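*Asks:* Okay, here's what each chain looks like letter by letter:
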Amino acid sequence: MKGYFHSFESLATLDGEGIRYGVFMQGCPLRCVYCHNPDTWEKGGTEFSPEELVKKISRYKPYFGKDGGITFSGGEPLLQAEFIGETVPYLKDAEINYAIDTSGEVHLSDDVKYVLQNAQLVILDLKFWDDESYKKYTGMGISKVIDTLEFLVKIKKRTWVRTVVVPGINDSEDIIRNYIEVLKNKRCVEKYELLGFHTMGFLKYENMEIKNPMKDTKPLKKEHLKELQEFVDNELKKP
Amino acid sequence: MNCWRDFKEGNWNKNIDVSDFIKKNYTPYIGGSEFLCGTTERTDRVLARVEELLVKENENGGVLSVDPDNVSSLLTFKPGYVIKEDDIIVGLQTDEPLKRAVNPFAGYRNAVQACKAYGYEIGENVKDEFKYRTTHNTGVFRVYTDTMKKARHVGVLTGLPDAYARGRIIGDYRRIALYGMDYLIEQRKLDKKRISERDMSAETIQLLEDVERQLEFMAQLVEMAAEYGCDISRPAENAREAVQWLYFGYLGAVKEQNGAANSIGRISAFIDIYIRRDIEEGTLDEKGAQELIDDLVLKMRLVRHLRTPEYNELFAGDPVWVTCSLAGMGEDGRPMVTKTCFRFLQTLYNLGPSAEPNITVLWSEGLPEEFKKFCAKVSIDTDSIQYENDDVMRKDFGDDYAIACCVSAMKTGKQMQFFGARCNLAKVLLMALNGGRDEVYGEQVAPSGKAFDEGTPLVYEEVLEAFKTYAAWMAKLYVNTMNVIHYMHDRYAYERLMMALHDVEPERLMAFGISGLSVLADSLSAIKYAKVTPVKDERGLIVDFKTEGDFPKYGNDDDRADEIAKWITEFFYSELCKTKTYRGAKHTLSILTITSNVVYGKKTGSTPDGRQAGEPFAPGANPMHGRDSEGALASLNSVAKICYDCCQDGISNTFSITPETLGTDEDDRVKKLVAVLDGYFAQSAHHLNVNVLNRQKLIDAMNDPTLYPSLTIRVSGYAVNFNKLTRDKQLEVISRTFHEKM
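Chains as they are written, first to last, in our numbering: chain A, 1 to 239; chain B, 1 to 742.
No lab work stands behind these hints: they were computed from the structure. Please read all numbers here as calculations on a predicted model, not as lab measurements. Keep in mind that the hints are not guaranteed to be accurate.
[Unchecked claim] In silico SDA-like pairs for lysine to any residue, Cα to Cα no more than 20 Å straight-line: (1) K222(A) with K641(B); (2) K697(B) with K641(B); (3) K61(A) with E82(A); (4) K66(A) with G626(B); (5) K56(A) with K641(B).
[Stated by the list, open to error] One-sided excerpt, in silico: chain A residues whose CB lies under 10 Å from chain B: (6) E9; (7) Y21; (8) K61; (9) Y63; (10) F64; (11) G141; (12) S143.
Backbone N, C-alpha and C fix where the C-beta goes; we use that ideal spot for every residue, glycine too.
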């Protein structure tokens, strides 16, 4: 079968360990108000077969060392779990590991489970803290995300959780505390990282001529992000 | 005192063989940087004085002062000092720091113009002397053919060393420290005697005259050192003397010659042997050792030549290329990393970041991890290091080669180079399309051929045939032009001192160069994969192209385009090899433009890849900026495909990245930069300039995107090529990325 891709980034260093080759897949079930990749929402994109994809990626093996590898991101990569599942054996043959950067907003099909089970690392975007906030800002509920998280706990998968902090929506300690509640005692979670909202995706809204709900929002200040991250780190240390 | 006490003996005791001395006596260091020391009070004082002078030089329009009456040579200036009581390593080109002397040997008119540009009139005595003296420049123009002059005029051959010294030659300055000048002079006299037995052919006569000229300057060097109170007729007794003796050799060379690049060679393991011995004998400590290297590096940073403004336009930033090669592996499998490699890198902290000396790390898979990490750290902090692949070069050049200029390897003291600037191959394509006429001037430069038609889409096979014909013609003209230049340079501006510090009959390399590789590769790709239709002006010249449809571009790890780039270099190299070189030099080729890619672009009309007339080329072997869609490593992979075997004079590539893109914190960045370097060089790539950019660099990149191609801005999950953003967006990124510091 074919996979559908938005783009590739040969030097993605922040989405997982070591040097990562970023594979941005096309299509997403969410419509987050602060999305910086609105160009990955709809279906379409460039087609590759698993073999073609792995051939392309193998060119970057010299850079990966023992930690690096590829990261499936998007869009929502797990929408194409069947394709990734078909790709896994090829990646194994090539001795290339992969990480999955997902919203968790997917039905836990056998394909999804297989793909998560075989990942070196899962990066889970916990976008909001309850069903209401999820529906308000992403258009979808929280239940599938929780199911995915529970599954990762069950299979003891190394997981990094990330949350984008948006001024005026979730940039207070009180709100962040809600996220921490969701993550408490989830022993697979190695790291909880806050990312600051930025405006560099605005250009894409302009180019696509679609409404940008956040156009008046300023980027999150670095100092503020740092304070919140310290708060999170302290809270998670508490027994 | 026995100068060679405690040294292990070897072939170096029987013949001049510095490499053997190093291998018998050096101690590899596999530890980390924790032993390093900061500056001493003395260094701080000297540094403060130098910084004060540099500010003045800058305020004065880039030249502090000129002595227009005194021609630069070994003995024409009284000793000069930065601070006489504080200098540990002594010696300046003139009697005052940063004061420039005139050097008319390679080109008198150039010297006059350079003086004039800074408000000086060349001295009467100099005028008189050069009235009766033939310079290199005069000699060349006596012989240049009309076609050579035309090719030079339209800029298809550019940057030729026909009005200034050719540079790129590295004397083996270590020989002075190890053997002392008496022994070197004695050996050279024996060489002369031996050569005198031969039949007196033109070659023999030339060589004998060369040797006599070398002997004259060897004697002058001893005298020059004596003026500074040093007796270099004998070998160095300790580390300070070893550094000083070696530096005198280099100083004599830059007093004599104003070549574009004056590199110092591979000296760290050599110096380390002396430093170690002194430390063991208790006469030196780490502070003192660092102070010695700091002072040597400060002196290297003070080297200046008087240039014309046109020259500065070509090679921006007043460079000297005091290239200092560090590390690499020995052929016996031991790393040639010593504590002194670390000490040289440490100067970038002690004395601040700097372009000079041009610190070049000879990278190998086998280098100690701690050294790799320290290099990466220094790169991230200072952007001042370039990397070259020792695993690739060692195969051809052994383990005692050094880099001249940016990427030119040569065996120290055993090979020399005839520097050959470069040929603008993008222009050759346009010439082929225009039946041999230049696309800017309209002049018939190459032999007349069939011009391609307006309004008819170009057929790849036909274009390729025409290009091959004209590139072959160009290659022949290029070699012959170089032959003229180097014949005359040997005759009228021969490097007496530098060649005295080589074996008497060194191997010669003739280093040709290509500019416009990425423009040409993309243009051919456009013709092959898209529809390209020529547009002519009223002179009937093709001056523009209508390019419809997409095409693969060099820099995306796409074989369709990359194979074209690879083919171009192989084809052009094989064509160059068909014409015999002066003095039997070996043909080599580089893909290197330094900063001149902007000037080459200015002189080149619109190209089929969509580049507009006058737009800058990408530097060196870099893909054109803004054409890579898959990020930095894809671009590195494309460049790595260019084969070093046919580009043994180097394949230059520049890599730029922001700290935030490279990793989350310093440790992470260091690890990742090491991984990038290991990954790139594992593919037999040759060279990488690494920029981990700060805010100022982004601003520079905004004003001139060619400075930092493939600059990626990335904040978790989002990546964009900086050069593709509008100016407003770039400003936004700049303000955002450096939010805290603003």
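*Asks:* Closer than 10 Å between Cβ atoms is the bar; does E9(A) clear it against chain B? Give me holds or violated.
*Replies:* Holds, because the Cβ-Cβ distance from E9(A) to chain B comes to roughly 5 Å (cut-off 10 Å).
*Asks:* Return the status of the interface hint for G141(A): holds when the least beta-carbon distance to chain B is below 10 Å, violated otherwise.
*Replies:* violated, 23 Å
*Asks:* Can S143(A) be said to touch chain B, with a Cβ gap under 10 Å?
*Replies:* With a closest approach of 24 Å, the S143(A) hint is violated.
*Asks:* Does Y63(A) hold up as a contact with chain B if the rule is Cβ-Cβ below 10 Å?
*Replies:* holds, 3 Å
*Asks:* Take the shortest C-beta to C-beta distance between F64(A) and chain B; is it under 10 Å?
*Replies:* holds, 8 Å
*Asks:* For the pair supplied as a hint, K222(A) and K641(B), is the alpha-carbon distance within the 20 Å limit?
*Replies:* Judged against 20 Å, a Cα distance of about 41 Å means the pair is violated.
*Asks:* Can we keep the Y21(A) interface hint, with Cβ of chain B closer than 10 Å?
*Replies:* Result: holds, 7 Å to nearest chain B Cβ.
*Asks:* Does K66(A) pair with G626(B) here, judged by a C-alpha cut-off of 20 Å?
*Replies:* violated, 31 Å
*Asks:* Starting from K697(B), check that the Cα of K641(B) is at most 20 Å away, please.
*Replies:* violated, 28 Å
*Asks:* For the hint on K61(A), just tell me whether its beta-carbon gets within less than 10 Å of chain B.
*Replies:* holds, 8 Å
*Asks:* Below or equal to 20 Å on CA atoms is what counts here, so check K61(A) against E82(A).
*Replies:* With a Cα-Cα distance of about 24 Å, the restraint between K61(A) and E82(A) is violated, given a limit of 20 Å.
*Asks:* Take the C-alpha atoms of K56(A) and K641(B), compute the straight-line distance between them, and say whether it is at most 20 Å.
*Replies:* holds, 15 Å
In this structure, the hints that do not hold are numbers 1, 2, 3, 4, 11 and 12, in rising order.
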